[in-house]
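Counting from 1, position 14 in the sequence shown corresponds to residue 14 in full-length UniProt numbering; the numbering is continuous, with no gaps.
Calculated cross-link-like contacts (lysine to any residue; reagent style SDA-like; alpha-carbon spacing at most 25 Å):
(1) 4 to 17
(2) 4 to 20
(3) 4 to 14
(4) 4 to 16
(5) 4 to 19
(6) 4 to 18
(7) 4 to 15
Just the calculated beta-carbon pair ranges, DEER-fashion:
(8) 8 to 28: 22 to 32 Å
(9) 33 to 4: 37 to 47 Å
(10) 24 to 4: 28 to 38 Å
(11) 4 to 34: 41 to 51 Å
Just so you know, these hints were derived from the structure itself, not from any lab.
From the three backbone atoms N, C-alpha and C, an ideal C-beta is built for every residue, glycine too.
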Amino acid sequence: MHVKDNRANLNTAQIHRCVWVYILSIVQPMLIHMP
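Produce the entire structure from the sequences given, and follow the hints as far as they go.
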């Protein structure tokens, strides 16, 4: 039951972007501090 909705897809893309920014903000300092 997957309904194609442009607004829903846009909202999902925004959520994925926020998740990626959140993950990168945590992972990037760890990568920088790795020897």
